[in-house]
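Residue numbers (the working numbering), protein chains in the order written: chain C, 1 to 555; chain A, 1 to 250.
No lab work stands behind these hints, which were simulated from the structure alone.
Heads up, the beta-carbon is just placed ideally off N, CA and C, and yes, glycines get one too.
Not one of these hints is a red herring.
Over the 12 Å line for every Cβ pair with chain A, so calculated as not near, a few chain C residues:
hint	residue
1	L68
2	P156
3	L325
4	H388
5	E429
6	S497
Which bits of chain A does chain C cover? Going by a derived footprint, with three or more residues having C-beta under 8 Å, they are:
hint	stretch
7	32-45
8	183-195
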Amino acid sequence: MSAATIVSLPDQSTARIPKMNFLTKENGLLSWLLTGDHKRIATLYLISISFFFFVGGSLAGLIRLELLTPQTSLMAADTYNKVFTMHGVIMVFLFLVPSVPATIGNFVIPMMVGARDLALPKINLLSWYLYIIAGFMVIYTMAAGGVDTGWTFTSPLSTHYLNTHVISTGLAIFVAGFSSIFTGLNFIVTIHKMRAPGMTWFRLPLFVWSNYAASILMVLGTPVLAITLVLVVLERTVHIGVFDPAYGGDPILFQHLFWFYSHPAVYIMILPGMGVISEVVSTFSRKRVFGYTAVAFSSVAIAVFGFFVWAHHMFIMGISNYAALVFSLLTMLVAVPSAIKIFNWAFTLYKGSITFETPMLYAFGFMGLFTIGGMTGVFLGATGTDIHLTETYFIVAHFHFVMVGGMLMAFLSGIHFWWPKWTGRMYPEKISQLAAIVTFIGFNFTFFPQFILGTLGMPRRYAAYPPEFQALNVFSTAGATILGVGYLLPILYLTWSLRYGAVAGNNPWQATGLEWQTQSPPLTENFPEIPIVDHEAYDYEWLERQQEKEVASVG
Amino acid sequence: MSDSTSTANGAVVEVHHEHPPYQRHHFESVDQQFDATNFAMWLFLLTEIMFFGGLFTSYLIMRNWYYPAFVEASHQLNIGWGTANTAVLIVSSFTMAMGVWSAEMRKKGMLILFLSLTWLLGMAFLGIKSIEYTEKWEKFHVPGLHWSDSSFLNPASDPEVYSEYHDKPLAPDMAAKTEMYFFLYFAMTGMHALHMIIGISILTFMIIRARQGAYTTGHVTYVENFGLYWHFVDIVWIFLFPLLYLISRY
Chain C
1 MSAATIVSLP
11 DQSTARIPKM
21 NFLTKENGLL
31 SWLLTGDHKR
41 IATLYLISIS
51 FFFFVGGSLA
61 GLIRLELLTP
71 QTSLMAADTY
81 NKVFTMHGVI
91 MVFLFLVPSV
101 PATIGNFVIP
111 MMVGARDLAL
121 PKINLLSWYL
131 YIIAGFMVIY
141 TMAAGGVDTG
151 WTFTSPLSTH
161 YLNTHVISTG
171 LAIFVAGFSS
181 IFTGLNFIVT
191 IHKMRAPGMT
201 WFRLPLFVWS
211 NYAASILMVL
221 GTPVLAITLV
231 LVVLERTVHI
241 GVFDPAYGGD
251 PILFQHLFWF
261 YSHPAVYIMI
271 LPGMGVISEV
281 VSTFSRKRVF
291 GYTAVAFSSV
301 AIAVFGFFVW
311 AHHMFIMGIS
321 NYAALVFSLL
331 TMLVAVPSAI
341 KIFNWAFTLY
351 KGSITFETPM
361 LYAFGFMGLF
371 TIGGMTGVFL
381 GATGTDIHLT
391 ETYFIVAHFH
401 FVMVGGMLMA
411 FLSGIHFWWP
421 KWTGRMYPEK
431 ISQLAAIVTF
441 IGFNFTFFPQ
451 FILGTLGMPR
461 RYAAYPPEFQ
471 ALNVFSTAGA
481 TILGVGYLLP
491 ILYLTWSLRY
501 GAVAGNNPWQ
511 ATGLEWQTQS
521 PPLTENFPEI
531 PIVDHEAYDY
541 EWLERQQEKE
551 VASVG
Chain A
1 MSDSTSTANG
11 AVVEVHHEHP
21 PYQRHHFESV
31 DQQFDATNFA
41 MWLFLLTEIM
51 FFGGLFTSYL
61 IMRNWYYPAF
71 VEASHQLNIG
81 WGTANTAVLI
91 VSSFTMAMGV
101 WSAEMRKKGM
111 LILFLSLTWL
121 LGMAFLGIKS
131 IEYTEKWEKF
141 HVPGLHWSDS
151 SFLNPASDPE
161 VYSEYHDKPL
171 APDMAAKTEM
181 YFFLYFAMTG
191 MHALHMIIGI
201 SILTFMIIRA
211 RQGAYTTGHV
221 TYVENFGLYW
231 HFVDIVWIFL
241 FPLLYLISRY
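This is chain C alone, in the form it adopts within the complex (with noise of 0.2 Å):
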C-alpha cells in the first residue's frame, strides 16, 4: 500500500475527545433506554444487530460444516433444514433489513440534512424495542425447537405439513417489519421535512437518495408482508384459510403476496449499501461523484422497478409465460440502473487522487462482487437459464454475492468510515486493511465455487449431495473459515479502538458532508447552531476554502 494518505488526525499530544458529548451527555441505562437521541438509538441498534449477525454468522459455519462431506455427518437432516431456516430467518430479517438503514443510516442521515434529530425520535426508540421483541421471539423459537420452512415460509408446507414453530417466527417477523416500517416512515419524514435552510434536494448526500429510496420500499412493501404472515399464521391456528389447496386455498396467492415484499426487500437490503458506497468513494478519491443526478434517480429508479419484478422467482411456479415474459423483461430493466451506478463509481475513480484506506477497500470489494452478484441475477431473471438454475446453488451463490458481496461489504465499510465520526477514535488502519483484504479472499473462496456447483445441478436446502460434488464443497467450507477470521477481525480491533484509537477530530477523511463539520463524537444536538447550506454535495473546493478560513481566523 503506497504511502500517499488523506487522514489528517489533530497532534495527538493534545488532541482530546470532546468533553461535551451524545455518549457522555447523561449516564445510566435507563438514559440509554429511554433515549429519543438517534444517535443513541443508532448505538443500540449497533450492538442489538452485530449480536444477530454473530448468532447467524454462526449457523452459517454450522451449515458449511455439515456440508463438508457428502452424507449427514454433523446433524440430522431435519435439524440442518432448521439451521438453514433460522440463518435464512436472523440473517434477512434481523441483519440485512436494518443494517445500515437502522445504525449507520439513523446516525447520519439527521446530520447529513442538518437535523437535530430524526423527525420522530420516539417512534425511532419504538422502532428499536419492536427489533428487541421480534429478536427475543426469534431465540424463543430456536430454544423451542426451531423451525424449518426455509426463510420463504413457502405455503402448503409452512401451513399444513411442518409441524414446527412457524407461528411464532411469522409473528416475529411481523414485529419486526413494523420496526423497520417505522425506521422507512422516520426517514422519508425527516428527509422531506427537516433539511436545513439551502439544503435543496439536489445537495443532498448520495446516502441520503439511497436511504430515501430504500425507506419507500420498507413503508410500501413490508406491510403486505405482515399481512400474509397474519394469513399464515390464522391459517396454521383456524385450519382455513386462503393458500393451503387443500383447503380451498391458492399458493400462487401466497408467493405473490410473499414475494411483492420479499423481492423490494432485496433493494431494501442493498440500497442503503450503495449509498454508502457513493460517500466513500467520493471521499477517497476527492472527487464530486460522476453524475451525481444519475445515480440520485437511479436510486429511485430500482425502488420504482423494484416493485414490479416480483414473479421472476415464481418462473417455475405455474405462473403463465406471458406473465414470466413480462416479469422477466422487467427484471432485466432492473438491472440498468444498477449499472448506472456501477459505471458512475468507476468515473468517479478515473482521474481521482485515489487512497485506500479500509473503507475503499471495502468499497472495491463491493464493486467487483455487487458486479457479479447483480450479472448473474441478468442469468437467473432470462426465464430459460432459471429453469436450468434455479433452487440450486447457483441461486444461493448469486444472493450471496449480492447480500454479503455487496451489504456485507457495504455495511463494514461505513462502520469504518463513520467510525471516527461515532466513538471519536480511528480504527487501527494496518489490521483493518488486512480484515478487508482476508473478507475479500475469504468471500470468493467461499461462494464462487458454488457458482460452479449450481451449474453442475447441485440442489440447494439439502443435508447431503453426490460424492463428486465434495471438492468444491471442501473449497467453500474452508474459504468460509478464512471469511469468519474476516469478520471477527473487526469486532476485536474496533472494540479495542473505543479506548486506544487515536483520537480523530473533526474530519480525519476531509470528507464533505455536514456530519463531518461538527465535532466528533457529535453533541446530542448535533450542532451548536444550525448549518445553512451554501454548496453542493462532495465540493472539495468549498471544504478547501472553509478550512483557509478558519486557519486565517485562529490565526
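Position chain A against the provided structure of chain C, taking the given hints into account.
Just chain A, lined up with the frame of chain C:
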C-alpha cells in the same frame, strides 16, 4: 435559533425564547413540527392501505373462484346491522371532524363532548359487531372453530334466511367454500375491529388529556392526526360493507 448555548466555562444554559411549550426540542418551528407529524401520519395510513390491500386481494381472488359460495354465505349476514354500523361510523367521522374543529377553535367543552360522542359511537359499532359475531357462533359459522356447512347444503333448514333469499342448495364442494368466505369475513372485519379498539383506546387517553386542557391551547396536531386515523378506519369499513354484505345486491 438554538435552544442551548455553551458558555465559556462549559456549562449549558437552556434558553427558551418564544417557543411554545408543546414544541419539541429538535424542531425549528411549530409549523415544521406540525408539517412533519402530519406527513408522517399520511405515510402511516399509506402503509395501512398496503396492509389491508393484502386482505382485499385475497378476497377478490377467492370471490372470483367461489362466487356462488360467497353469494350464499353473504346472505347469512344481517344487512340491517351492517347498515346501522355504516351509519354509526359515518356519524362518528362527523363528530370526530367536529372534535378537530373544536380543538382548533379552542373550545374545551365542545372538544370533550365531541370526543366522547366519537368514543360512544365507536363502542356502539363494536357492540353491534359483537352481536353479529355471536350470531355467527350460534349458527356454526365460525370457520375452523365452530363450523358446519349445513345452512348451505340445505338452505331450507334456516327458515329466516331462506324466506328472504330462496337460495338453492350448493353442491358439497362449493358449500365447503363458504368456510373460506367466513374466514375472510372474520379476518377482514376482525382486523378492522382491532383498529377500532386501538382507536377507542387512544380516544380514551385523549378525553382524559382534553379534560386537563390539552389540545385547546393552539396545539391541535395530535387531535388532527388521530382524526385522520379515525377517518381511515371508517373508509376501510365503507369498502368492507358492500364487499361482504351486499354481494348479490349489486
